[in-house]
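> Listed below are the residues making up each chain.
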Amino acid sequence: MIRFLVRRLILLLLSAFAAASICFFFLRILPGDAALNLTGMEASDEQIAHARAVLGIDKPLIVQYGVWVSGILHGDFGCSYLTKLPVGAEIVRRLPVTLPLSFFAFIIASAVSVPLGILAAVKRKNAVGIGISAVSAVGVAVPSFWIGIILVWIAALRFRIFPAGGFPREGWADPVAALRSLALPVITVSTVMTAGLIRYVRSVAIDVFSQDYIRTARSLGYTAFRARIRHGLRNMAVPLLTVLGIEFTSSLLGAVVIENVFALPGLGSFLLQGVRSRDFPVVQNVIFLITLFVLVVGFCIDVLQRVIDPLIGRREANDEN
Amino acid sequence: MKTDIRKINIPLIAGTALVLLTAAVALVSCFWTPYALDDTAGGLRLSAPGALHWAGTDKLGRDLFSQLMVGARYAILVAVLSPLISAVIGIPFGLIAATGGKILDESLSYLFDAMIAFPAILLAMLVVTVQGASMSSAILAIGFSSSAAVARVTRVNALHVLATDYVRAARASGVSRPAVLFRHVLPNISPMLFVQLTLVASGAILAEASLSYLGLGSPPPQASWGRMLMEAQSSVLTAPWGAVIPGCAIAVFVLGLNFLGDGIREIIDPEEEMNE
Amino acid sequence: MNAVSVKNLRVLLRSSGKPILDGISFDIGIGDRLALIGESGSGKSMTALSLLSLLPPSMKEEGIVHIGDTDMITAAERERNTVRGSFAAIVYQEPLTALDPLMTVGNQIAGPLKLHRRLTGTAARTEVFRLLDMVKLSDSSRIVSSYPYELSGGQRQRIAIAMALACSPRLLIADEPTTALDVTIQKDILALLDELVRDSGMSLLFITHDLAVAAKISERVAIMQKGKIVESGSMDDVLSRPAHPYTRQLLDAAVKVSTVPFLPPDSPETARGSV
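Chains as they are written, first to last, in this note's numbering: chain A, 1 to 321; chain B, 1 to 276; chain C, 1 to 275.
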């Protein structure tokens with residue numbers, strides 16, 4: 001187990017390093033001078049050189065990379081080309097919008113999709129099951145932001161139940177207003193997630209419920225219902241855990257896109273600004289951090305899987321005999 | 001013998017129908033649309049669907065139905081090119097991983113897993129930051145980041161085929177490795193790969209729609225459905241059809257692709273019977 | 001009352017009406033045994049499932065199936081559940097998949113104990129150990145907390161037998177119980193079943209494709225082909241004077257195999273002097 005942990009940790013660090021490298025070097029592949037963006041094409045050579053020095057891009061790429069990476073290890077993420085303000089501080093300022101959004105969406109999606117998915121599996125030959133499957137098939141076919149726009153139209157503009165966008169200036173100091181601002185975004189992000197999860201839970205449930213050990217339980221006198229609870233649920237746990245972990249990260253990505261629908265001042269809109277203005281430090285840091293988050297979640301899931309089902313490694317080895 | 005409705009592969013038929021519908025609209029749009037895309041001559045802004053403008057008009061007075069048709073063209077483009085790119089990159093790497101010996105396989109597998117972790121939208125944003133907003137950035141980025149998933153599916157299925165006695169016998173009787181790959185592995189994994197590629201395609205459509213919606217995709221006058229949604233958002237209260245209709249178009253096409261994948265998967269690997 | 005009384009059992013695919021079992025009839029009295037022999041596709045495993053009404057929903061049962069007093073086809077599900085595991089029990093072919101991979105075998109055996117006999121806690125635990133002894137698994141304390149993957153094929157099948165016998169059923173249905181096991185283990189499991197059934201006075205329905213195995217365990221036999229019973233009677237009669245051409249085919253195939261010199265000394269063919 002320890003050996004596994006160490007190996008996995010090393011893998012995590014290597015992947016994080018690779019992600020950072022991709023984020024950094026990819027942006028700088030193409031010719032195109034960030035300094036020119038700042039000074040304009042008409043500037044003199046001296047002004048351009050000065051701009052370069054200010055931005056720190058007059059040094060060789062490797063050095064810039066080193067500066068960035070060592071900065072990260074100290075919590076310094078560099079400064080925006082545009083605003084000259086530290087990126088790290090801005091990220092922190094925006095987390096209280098994005099994180100709760102993705103977290104609530106994830107919780108709701110998971111809680112709703114597991115029972116519905118199992119229901120869709122058990123009742124799959126009749127109207128209930130087919131209905132759930134049909135609705136979730138449509139749910140994964142629509143862009144999440146579209147649902148957001150529709151919700152804005154109906155719930156916010158037409159019936160004025162929730163605000164159409166924005167986030168209170170006081171942030172969470174006014175929790176009711178903050179929650180109201182997040183209500184529609186959370187519903188939006190969780191809807192598509194739920195649809196996808198229902199499909200997945202359904203297929204896992206069908207797979208598990210068709211296993212021989214369920215039949216054995218039935219032969220021993222258990223009702224189908226009790227047999228599935230007693231043996232089925234536990235066997236569904238591992239595959240479900242994996243997918244829930246992936247969805248956890250999806251909820252963050254979903255939040256990033258949805259912020260644009262609801263004009264939320266979160267991480268997503270920050271990233272978008274950076275992309276539009278070719279503000280490399282913003283883009284590379286936000287993307288790197290999100291990717292790091294994804295990697296860390298992946299690591300936690302792997303470890304959790306090993307803990308819950310320590311049989312995984314050994315069982316596969318045994319079956320080969 | 002009565003045809004049993006349960007036996008008819010509904011997803012396959014429905015999926016093919018919806019995909020063909022979209023392709024047909026796209027094709028027709030190359031030759032004819034009710035109005036030119038930049039035609040604002042009518043001056044009717046944000047008008048509701050009606051006889052003159054079947055889907056209404058946008059805030060500049062341009063016909064929405066024409067935009068919808070041209071949007072189908074771009075949707076088809078994305079749905080064809082992204083899987084193509086991911087297949088061209090992913091399948092060879094998947095095969096290399098499956099045949100290349102343990103160390104190569106393990107390192108490539110880690111690479112695939114890491115790439116899958118790197119979200120497509122973010123990669124696309126990286127590309128757009130560098131290259132500027134364009135459809136090609138979106139298609140390339142999405143295709144590239146989906147290639148890891150394709151590689152993984154290729155690898156798993158190829159390993160499965162390579163382990164069959166049938167293939168082992170072929171190798172033992174001297175059939176060369178590339179011949180085995182082409183004659184036995186590829187044909188056998190193709191159905192599963194095709195299913196995966198439909199998933200890539202539908203994911204690509206949604207991703208491109210998101211990018212266009214964020215303004216990072218195709219710039220005007222290329223009418224992507226995602227961009228139509230972006231433009232419709234500001235007037236959604238007064239002209240909701242501008243948002244509803246392109247969304248439905250996206251849904252129809254993606255649904256079709258998903259059904260197609262489901263339908264094919266049902267053929268290769270039918271759903272099991274559960275114990276009742 | 002017989003342990004099993006089957007009259008004209010038909011099992012059809014709901015969608016096409018195609019019969020899997022086409023009018024099977026047989027009886028097994030209390031304490032009697034019957035071997036059901038057939039190739040794959042003959043419907044023999046379906047017979048086992050349909051006796052306890054465990055067929056998948058895509059199939060339909062018709063006819064009369066009495067397990068003890070209960071008509072399984074017409075009875076309510078609740079009644080059927082009181083029969084399953086307590087009056088009649090099944091041991092399946094593949095012990096690895098028949099057991100829950102994520103539950104200790106001790107807990108799995110305790111299941112029917114609680115379900116039918118309301119045993120919990122120490123009483124249940126004692127009984128689990130007794131059952132493990134009965135199926136001749138030594139080192140019970142280690143095995144009780146083991147998971148199926150930690151045990152060998154033979155051990156798993158013994159666990160499956162222990163589960164089936166947990167509530168002292170009057171009827172044991174064994175569906176190819178030794179087919180998936182190593183040859184050396186097959187003999188042991190077969191001997192175990194023989195002993196357990198004899199000692200408890202249970203009835204036994206033994207399903208197999210292997211004539212030699214069947215002959216060792218039962219005195220009465222029924223031959224199945226394509227969903228029908230083509231011949232039945234006492235093992236001696238059927239083997240020495242087969243009436244149906246299919247039975248003759250089966251016998252020929254068995255004899256051909258046994259002319260190869262790896263013949264176990266106590267096989268029915270040598271015993272009957274036909275080799």
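Since the hints were made in silico from the structure, they are not lab data.
Do not rely on the hints blindly, as some may be mistaken.
These stretches of chain C come out as covered by chain A in the derived footprint (C-beta under 8 Å, 3 or more residues) [as the list claims (entries may be wrong)]:
1) 49-61
2) 76-89
3) 99-105
4) 214-221
Where a beta carbon is used, it is the ideal one built from N, C-alpha and C, also for glycine.
> So, for every hint listed, does it hold in this structure?
Checked hints:
no., hint, in the structure
1, 49-61, "holds (count 3)"
2, 76-89, "holds (count 8)"
3, 99-105, "holds (count 5)"
4, 214-221, "violated (count 0)"
Checked against the numbered hints listed earlier, the structure breaks hint 4 alone; every other hint is satisfied.
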